[in-house]
Amino acid sequence: MDSVKRYFIQRLLLLLPTLLGALTLVFVLIHLIPGDPVEVMLGETATSADKQELRRNLGLDQPMLTQYRNFLTNFSTGDLGRSLYEQASVGAIIGARLPATLQLALCAMIAALLISFPLAILAAVNRGRWLDRAALFFSLLGLSLPNFWLGPLLMILFSIQLGWLPVSGRGGLGHLVLPALTLGLGMAAILTRILRASLLQTMHEDFVRTARAKGLAEKQVWLKHTLRNALISVVTIMSLQFGAVLAGSLITETIFSWPGIGRLTVQAIQTRDYPLVQGCVLVIAVSYVLVNFFTDLVYKLVDPRVSYE
Amino acid sequence: MNNKLWLAVGAGILLVLIVSALFAPLITPHHPLRQSLSEDLTGYSADHPLGTDKLGRDILSRILHGGRISLLVGISTVTLSLAIGLIVGSLSGYCGGWIDQLAMRLVDILLAFPGILLAIAFTAVLGPGLDHVIIALCLIGWTSYARLVRGEILALREREFIQAARALGCPPWRIILRHLLPNLLPPLLIQSTFGLAAAIVAEGSLSFLGLGVEPPTPSWGSMLNDGRQFLLVAPHLTTYPGLAIMLTVLALNLVGDALQERLDTRSR
Numbered sequence: 001m002d003s004v005k006r007y008f009i010q011r012l013l014l015l016l017p018t019l020l021g022a023l024t025l026v027f028v029l030i031h032l033i034p035g036d037p038v039e040v041m042l043g044e045t046a047t048s049a050d051k052q053e054l055r056r057n058l059g060l061d062q063p064m065l066t067q068y069r070n071f072l073t074n075f076s077t078g079d080l081g082r083s084l085y086e087q088a089s090v091g092a093i094i095g096a097r098l099p100a101t102l103q104l105a106l107c108a109m110i111a112a113l114l115i116s117f118p119l120a121i122l123a124a125v126n127r128g129r130w131l132d133r134a135a136l137f138f139s140l141l142g143l144s145l146p147n148f149w150l151g152p153l154l155m156i157l158f159s160i161q162l163g164w165l166p167v168s169g170r171g172g173l174g175h176l177v178l179p180a181l182t183l184g185l186g187m188a189a190i191l192t193r194i195l196r197a198s199l200l201q202t203m204h205e206d207f208v209r210t211a212r213a214k215g216l217a218e219k220q221v222w223l224k225h226t227l228r229n230a231l232i233s234v235v236t237i238m239s240l241q242f243g244a245v246l247a248g249s250l251i252t253e254t255i256f257s258w259p260g261i262g263r264l265t266v267q268a269i270q271t272r273d274y275p276l277v278q279g280c281v282l283v284i285a286v287s288y289v290l291v292n293f294f295t296d297l298v299y300k301l302v303d304p305r306v307s308y309e
Numbered sequence: 001m002n003n004k005l006w007l008a009v010g011a012g013i014l015l016v017l018i019v020s021a022l023f024a025p026l027i028t029p030h031h032p033l034r035q036s037l038s039e040d041l042t043g044y045s046a047d048h049p050l051g052t053d054k055l056g057r058d059i060l061s062r063i064l065h066g067g068r069i070s071l072l073v074g075i076s077t078v079t080l081s082l083a084i085g086l087i088v089g090s091l092s093g094y095c096g097g098w099i100d101q102l103a104m105r106l107v108d109i110l111l112a113f114p115g116i117l118l119a120i121a122f123t124a125v126l127g128p129g130l131d132h133v134i135i136a137l138c139l140i141g142w143t144s145y146a147r148l149v150r151g152e153i154l155a156l157r158e159r160e161f162i163q164a165a166r167a168l169g170c171p172p173w174r175i176i177l178r179h180l181l182p183n184l185l186p187p188l189l190i191q192s193t194f195g196l197a198a199a200i201v202a203e204g205s206l207s208f209l210g211l212g213v214e215p216p217t218p219s220w221g222s223m224l225n226d227g228r229q230f231l232l233v234a235p236h237l238t239t240y241p242g243l244a245i246m247l248t249v250l251a252l253n254l255v256g257d258a259l260q261e262r263l264d265t266r267s268r
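Those protein sequence lines, which keep their order, are chains V and Y.
Residues in the first sequence are numbered consecutively from 1, following our numbering.
Residues in the second sequence are numbered consecutively from 1, following our numbering.
For reference, chain V alone in the conformation it holds in the complex (with noise of 0.2 Å):
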């Protein structure tokens, strides 16, 4: 069998265990509910006749592993149960949402790539220089400033003084710019820092000294020997900050009312809407796994000398 094909079943089998583990950990969500959960959902005055047909809805009055069963076989199934509030099922709700988070998470991720690689090649090339110190004091900055407060200074600054930019909701590009920014920040200054390390360590290998002395000139060294190589590490920050990316949409949706997952999430909380909460957490988690499992694979494609071990 050949490495890549060794690799890809290694890494699915890896795979298997934590998506049923995560799942398990969805399904106990429900139960962790102080009281009755049929009560928390519907309050107080809900009849007695409401609450038994919720329990028998949720599957609540079944015993506990009949429910495990079900909860497992309805996601094989693509069946996320219903929305206690929404008369809808609650894969619909999260399928239309969907675009909008993966639109605002692409366009995070891009101006992340935008600010972080011209700040990086800046730095490593000017190592020590006050241009290097900027880069360094820049990201640290990012690492610091929580998104929650940068999300209503940034609707400050250039939405209510400046008046450039649309203050919230979902439009023209316009309306992307203070919310990308926002998310994409904090991965901006990571990626900075490590592309920044990842270059100068690139920058000292025996090829790129070769690629000097062969007489290449200095921007054709860089672009093609010391970049390239240095974009692996990038690959892997990037799938990891994905799941940030993620985590973060919940707040950076709510405080633009951006119509995604992440608000969803946030407005499914509130109105203690327990299906849609378990939903959403759920595809959050399974793309996240599945986005790590597919960069897994294309790292292994990229180099070669990746092994499982």
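The set of hints was computed from the structure by calculation and includes no laboratory data.
Small disclaimer: the values here were computed from a predicted structure and weren't measured.
Keep in mind that a hint or two might mislead.
[What the hints assert, rightly or not] Now the in silico label distances, taken between C-beta atoms and shown as ranges:
#, chain 1, residue 1, chain 2, residue 2, range
1, Y, Leu-26, V, Leu-122, 37 to 43 Å
2, Y, Ala-46, V, Val-28, 36 to 42 Å
3, Y, Leu-177, V, Gln-52, 51 to 57 Å
4, Y, Ala-46, V, Ala-96, 51 to 57 Å
5, Y, Leu-33, V, Gln-270, 23 to 29 Å
6, V, Ile-110, Y, Leu-41, 37 to 43 Å
7, V, Val-298, Y, Leu-41, 49 to 55 Å
8, Y, Phe-230, V, Leu-122, 52 to 58 Å
9, Y, Ile-18, V, Gln-87, 49 to 55 Å
10, V, Gly-78, Y, Tyr-44, 52 to 58 Å
11, Y, Leu-41, V, Asn-74, 48 to 54 Å
12, Y, Leu-177, V, Thr-47, 58 to 64 Å
13, V, Gly-78, Y, Phe-230, 41 to 47 Å
In this text, a Cβ means the ideal position worked out from N, Cα and C, and glycines have one as well.
With chain V's structure known, arrange chain Y on it following the hints.
Same frame as chain V, now just chain Y:
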């Protein structure tokens, strides 16, 4: 970067924040819960240096008291996570076998939930409250310490001084406590500094979403959330609590970076 200078700046900011949080009841001009509806949303004045909120409560006093909550949650989360991570990581790294497999699969499962998603989900079902916030943050927090301790122990356990201790008949618990743990202190100290910063931001995030400390107790995150409705008329409501979080996290990151450069031999 001048390592010593940044360490001094970070430690200085932290010292000011810790002292002001500890002595908040003595140094704040007003009680953080005292309302004065006739003075709502005022700007700067001699009586209220940072202005007042929608209920006329003094922002400076609330920020200083909010610092106590942030530090309490941060330190409790780091201490508990460190304790759990140390035990699980030591057993996993030293014993290996099925204990290691079980512990690391559990870590993998918990890390399937990105960022503070699981903490948000847990506080959403358990309800808001300081203890729930700490439990929820520890739920994920211990995993990074466990991984770190396991990795370090795996690297250390084949070293000669450990093999010598084993050959002399030293029991495993004594090898872990007397020989392995002292060598783990530098990386754990670095990790704890960054962990404290992450816990403070996480507490802020939970409070911002209304899942943290219950009102009217002041918390930086909940103050920011309250201030969001008044961005147009009173932007200072969001500016100062945010600045307090940023300064704390910046100071911790500065100290963490400086410690990493000094103590972590691999980063040199």
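Outcome of the hint check:
no. : hint                               : verdict
1   : Leu-26/Y to Leu-122/V: 37 to 43 Å  : violated (48 Å)
2   : Ala-46/Y to Val-28/V: 36 to 42 Å   : violated (54 Å)
3   : Leu-177/Y to Gln-52/V: 51 to 57 Å  : holds (56 Å)
4   : Ala-46/Y to Ala-96/V: 51 to 57 Å   : holds (53 Å)
5   : Leu-33/Y to Gln-270/V: 23 to 29 Å  : holds (25 Å)
6   : Ile-110/V to Leu-41/Y: 37 to 43 Å  : holds (39 Å)
7   : Val-298/V to Leu-41/Y: 49 to 55 Å  : holds (52 Å)
8   : Phe-230/Y to Leu-122/V: 52 to 58 Å : violated (39 Å)
9   : Ile-18/Y to Gln-87/V: 49 to 55 Å   : holds (52 Å)
10  : Gly-78/V to Tyr-44/Y: 52 to 58 Å   : holds (56 Å)
11  : Leu-41/Y to Asn-74/V: 48 to 54 Å   : holds (50 Å)
12  : Leu-177/Y to Thr-47/V: 58 to 64 Å  : holds (60 Å)
13  : Gly-78/V to Phe-230/Y: 41 to 47 Å  : holds (43 Å)
Violated hints, listed in ascending order, are 1, 2 and 8; each of the other numbered hints is respected by the structure.
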